[in-house]
Structure formats: C-alpha cells, structure tokens
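Number of protein chains: 2
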Amino acid sequence: MHVAAPKAQRSLPLELWPMNTPLYGLNSLREVLTRHDILRVVRNACVQHAHDKVISAKSGELLFQNPPGDCHIRFGYFRGAPTFVIKVAMGFYENPTRGLETNNGLMMVFSSLTGNLIAILNDEGWLTSWRTAAAGALAAKAGAPSRVTALGILGSGHQAELQALWAAHLLGTQRVVIWGRVKEKAERLAESLQLHALTAHAVSTVEDVFKQCNVVITCTPSTQPIVLAHLVKPGTHIVALGADSLGKQELDPHILAQASVIMTDDHQQCAERGELAHALHAGLIREEVCVALGHVLAGNSPGRLSDHDITVADLTGLAAQDIAIATLAVEMSQLSPSNSALPPP
Amino acid sequence: MHVAAPKAQRSLPLELWPMNTPLYGLNSLREVLTRHDILRVVRNACVQHAHDKVISAKSGELLFQNPPGDCHIRFGYFRGAPTFVIKVAMGFYENPTRGLETNNGLMMVFSSLTGNLIAILNDEGWLTSWRTAAAGALAAKAGAPSRVTALGILGSGHQAELQALWAAHLLGTQRVVIWGRVKEKAERLAESLQLHALTAHAVSTVEDVFKQCNVVITCTPSTQPIVLAHLVKPGTHIVALGADSLGKQELDPHILAQASVIMTDDHQQCAERGELAHALHAGLIREEVCVALGHVLAGNSPGRLSDHDITVADLTGLAAQDIAIATLAVEMSQLSPSNSALPPP
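Here the protein sequences line up with chains A and B, keeping their order.
Reading the first sequence from the start, the letters are residues 900 to 1244 in my numbering.
Reading the second sequence from the start, the letters are residues 900 to 1244 in my numbering.
Hints are supplied without guarantee of correctness; some may be wrong.
Note that the list lumps identical chains together, so a pair holds whenever it fits in one copy or between two copies.
No more than 35 Å apart at the CA atoms, straight line, and that leaves these computed lysine-lysine pairs for DSBU-like [what the hints assert, rightly or not]:
hint: 1; residue 1: Lys1110; residue 2: Lys1147
hint: 2; residue 1: Lys1084; residue 2: Lys1147
hint: 3; residue 1: Lys1110; residue 2: Lys957
hint: 4; residue 1: Lys952; residue 2: Lys1147
hint: 5; residue 1: Lys957; residue 2: Lys1147
hint: 6; residue 1: Lys1132; residue 2: Lys957
hint: 7; residue 1: Lys1110; residue 2: Lys1084
hint: 8; residue 1: Lys1147; residue 2: Lys1082
The hints are simulated quantities; they were obtained by calculation from the structure and are not laboratory data.
Since this is a predicted model, take the numbers as computed values, not measurements.
Model the full assembly from the supplied sequences, consistent with the hints where possible.
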C-alpha cells in the first residue's frame, strides 16, 4: 500500500501502460475515420441531444495569461451507453509564432459501468474540428433552399477550409466563394480548395459573398457583426459557427429578426453565448421561430418554410458531438487491422 | 485537411502515439515516488494554496445511476509554472463485486506555454490516495500535542491504511488503535499494519479509540456524527478526512465549538462541504478560530496553543495537491533510468 517500490523493474513501454489501453494518434484516426461516418454520428448526436438523451457536465474552463491560452473540458455520455467521454481542448494563441498549431487536445473514452479507461485518442484537436465541420455541413444542408447558387464562406482559417470541403460536398455544389479579412489568406484557401475539385475564388467584401451565394457559413473569431442585415437577400441560409463564447459575434441581430426559422444546436447555450444571445438581448426575436437543429435533422420540423425565407443556424458546439465522434473513433479503431499491432492483452 | 487517410499505414504502438508522449503506469510511479518527496510537495502545495498561488477551475462532476458511480475532474496550475495538470478521478461503487477497485483515475500534465501534452499518469487513482495520505499526515503532525500517546484511526478501508502508515511515521509513534464499523475489517487492517512494524490493534468502540489516543484521524464515509463531543479529552487533535461532500459528516459539531484551533485546507470549501459546514450552520463557532493549514505548515500560525487544547483539522482536498503530486511524478519519472526504455524522439 505504501509508495516505496516493491522491487526495481525496467519500465518498458508496455509496462508503462500495464492495462494495455489503446492509444490512438492522429495518423491512425485519419486512417479509420471517414467523412461519411462522422456526418452520420454527428447527425445522430444532434438528434439525441434534442431529445434530451445526453448527460453532460457543465464544461470547465482554465485560462492562461502569458502566453494567452485556454483549456476547456467537456464530458458526458448518452443515456444507457456503456461508455463515457472526456474531451480536453486547448487554444494557445501564440503557438503559430512557435511553429505550432493554435489548437490542441485529446479525448478519453471510459467504461460507464466500471470507470475503466478504454482508450485515449490523441487527436491533437482534430476530432473537435471534424465534428464541428460535420455540424456546420449538416446545418447548411438542413436550411438550404432547393437550389444552391454557391456556398459562401466567411473566414479563411483551418475551420473555414473544413467547412468549405464538407458543406460543398453535402450541398452538392462545386461553387465556393470566400471572404477573409486578409485577402491573401482567402486567396490561398481558394487555391487549396481548387485542388479538391472545387470552383473556389476569393472576393474582397462580405457583400460580394452574399451577392453570389444563398448558403453562407460564417467561421471567424469576430467580436462584432461582419454581416449586416441589408446584405442578406430572401432565400438565404446562414450558418453561424464563430460565436461560441461571450463577446463573439458575426451577425447583425436584425438578420435573426428577419429569419423565419432559427435553428440552434442548443437553445440555452445559444441564448447565452451564440448569435441568439445578441438578438434576444436586443429584444428582436420571438422564441417561437427557434427550433432545435436535431429536430430538423430528424425530420420533425422544417428547416425553412419556403425558398424565399431567410433562415439562420446558430451553432455553439455540443458535448454530444464530442461523445459521438470519440465513440466512433474507438469503434472503428478496434475494427481496424492496424490493431493487430497493439500490445497483446 | 479532410479525413480520408492519405495512405494506408500500419499503426505500430509507437506510431499510435506520434508525439512519443510518456505514459506512466502505476508500477513505474511506485518506482519513482517516495513518501518523503510526496510529503514535501504536498506540504508546499498547501502553503502555496494558502498564499493564493494556485489557479484552478471549479471541479466538474458527472454522475452515473446504474451501476452507481461518479467522475470528478480537477484542473489547474501554480502561478507562473510551466505546466498545468488535469486530474480525472472515478468512483464506481459496485466494482468490488466485479473484483475491481472502487476508485480509479488518471492525471495528465500539459505545457502551460503551448498546451502540448507532456505526460499521462495512469495512476489508477493512487496519486490521489497518496496526496490525501500526505495531507492527513501533515495535518496530524501540525496539530499534534508534544507527546503523542497513540494514533487513532476511524475507518478500516484503503485510505485508513494509508493514514495509519503515513501519520504514524510522521508522528514518530508505533502505537495505532483502529475502529471500524465492521470489527473484522478493522482487525485485518491491524494485522496488516503489524507487518509494517506498527503496534496496531482494533477496538470495539469509538470511545475506546479516544481513551487511548490523543491524535485521531477520521476517514469513513459516514453521513452522521460518529465522534460525540463528550468522548474528546483536552489535548486531543482530530484530523477529519471523511467529509468532503455535502451530506457527509463524522464529527459532532460541538467538537469544533470546543476547538481552540480549526485548521482547514480551504476555508471556503470546508465551509461548504466539510465538518466546518455543519458547525457554521449550527452557529457554533467563531471564524476567528479557523486558520489555513498552509499557514500552520509554513510556521506562520500555531497548530495548537497548548497541550491541553482540543484542535481539529478539516480536510476536503485541494487541486493544488493533485497538481503537486502529478508534477513530482513527471519530474521523477523523467529522471528515472527506466526512461531509457521510452520510445526515442
């Protein structure tokens, strides 16, 4: 029971990990996860969440001053599931100056029957990026008018690229129009999208995006409206991804006031820290226009009433999405032949 | 950027963990951690906490119904430290019926400059047990009268055994008296303590413990007072470990009313969920008698005023203690020769 070692022993890697718990790194996750599967489980996660089938703890936050950074933890499980998931996500904003990615993180899957560790997914933040890309694409499809002219993307970062690839694929359009505060970055993103067989180009103003596109996904870290109400034509669907914490905002609240349908991934969360928060605070909208994204994805509620509506999807991120993709990653990894290389039990 | 694998590749264990992040299991932690070092860093953690040098997030909790269990997460860092720590602790109360330990858990150490994962400590809950044992022993010493007649232990579980071993050692006494609700378990604990060169015996009543001992550590899951005020003689020091959440209680609140010094690991936390909560709620004590354990350990405040005082230490557990022991474990593991067996960078 006491700490002194019973006997000296060399800690070979396997001994360092006596339970032989599988550890999956980013490369092996890329191997076993497909966009199709991720869309499937994230869609299901949104539906389960809307039906209150998810138990999750309030996410914890730890802040760092110098250099600036933050660490968020979400954890939870689907009612009755044999596993639960803990997700750790970090953002350290000076990392690029050190040649490192800003975002990082990992997920852990445990037995909800015994608490035993089942797997660690050292995804370096990618599982979060992928589940966010899936949620954005599903929300874009859920509210899109019957004919999509082109997909607009506001933002030119990491998530903007994923949104363009995943949403264009799901919407069945090749045409992507990109605006970013730094034109060169938007142009570089357009070029890299062309490598994926998309007809992508960068434009100089947000107005140019809304002139050409009737589905627009916003994924910037903006703290003030970059989309003004007069730019948004009838028949436009906007997916707002950027605002996920207090102080962030991308849409003029009057756009939500004009919307016939506002889809939220979680009403309470959006009312606290999404675009919805600003519109509610300004007293601009009736909560009746709000519907859970999960109910739309389940086909229980329409994403838009006509091709002339303005519709908005406000996404702030769900623990359910983290739980779903982590569970998928473990299931697929356990099925993968590469597992023959895992330490034997 | 998209999910489909760039190329098939066998995931050998090293490739599963591309960053070669060290993973330390319980055996290797037992190898490098000594009681002496743990006492040193936990003492320092209590002092740092008392001086407000610790940044920690409110601990998150996830509950499970069937089978009953809970998962707690604490995370934080020492101001200015290059690392931060996330600690996951589980309790699944039907595990013993499956031949598993009730408690489980792991800790992770990250860079507070970049968010990069530095190490995973798969301690199965032992780091928490050890830091708790250290805190109990330090608190026992901090309030002990000049001559210790014998060490009393209320409880006969896992933590009771650690408290007996660590506190007897620190107090310099061989005499240990144990009471547990199940006499046979207390007798088995006494026998196992005898194997560690302690003169230990089990008694039938809590009263018998207080007749023989002037330092008593309580570590039971009791939800009502098991130590009544009339049992406690002048010159007795009690360390209350069991009550760490709402509803738990081991001491008659009048004992705190009689105490000349009440040490708390964290005043606010004890006032919310420790023994202090019950005494404050009953309006029995003046907060002036309360002092931070860290101030006593630092020598800035006395643990008792005379050998005739009754004194109490109320411990509810600190993130600082988790941070300290996890940091120690990584430092010692990185120094350990067994590391030559780690995957090369």
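Here is how each hint holds up against the structure:
1. With identical chains, the CA atoms of Lys1110 and Lys1147 are at most 35 Å apart within one copy only, with a shortest distance of 25 Å there and 64 Å across copies.
2. When the C-alpha separation of Lys1084 and Lys1147 is checked against a cutoff of 35 Å, the pair qualifies only within one copy, where the shortest distance is 21 Å, while the shortest distance between copies is 58 Å.
3. For the identical chains of this complex, Lys1110 and Lys957 are neighbours neither inside a copy (40 Å) nor across copies (47 Å), given an alpha-carbon limit of 35 Å.
4. Within a single copy, Lys952 and Lys1147 get their C-alpha atoms as close as 29 Å, and across copies as close as 31 Å, so both meet the 35 Å cut-off.
5. With identical chains, the CA atoms of Lys957 and Lys1147 are at most 35 Å apart both within one copy (20 Å) and between copies (24 Å).
6. Taking the shortest Cα distances, Lys1132 and Lys957 never come within 35 Å of each other, neither inside one copy (38 Å) nor across copies (45 Å).
7. In this homomeric assembly, Lys1110 and Lys1084 come within 35 Å of each other (Cα to Cα) only inside a single copy, at 21 Å, whereas the closest approach across copies is 78 Å.
8. Within a single copy, Lys1147 and Lys1082 get their C-alpha atoms as close as 22 Å, which meets the 35 Å cut-off; across copies the closest is 61 Å, which misses it.
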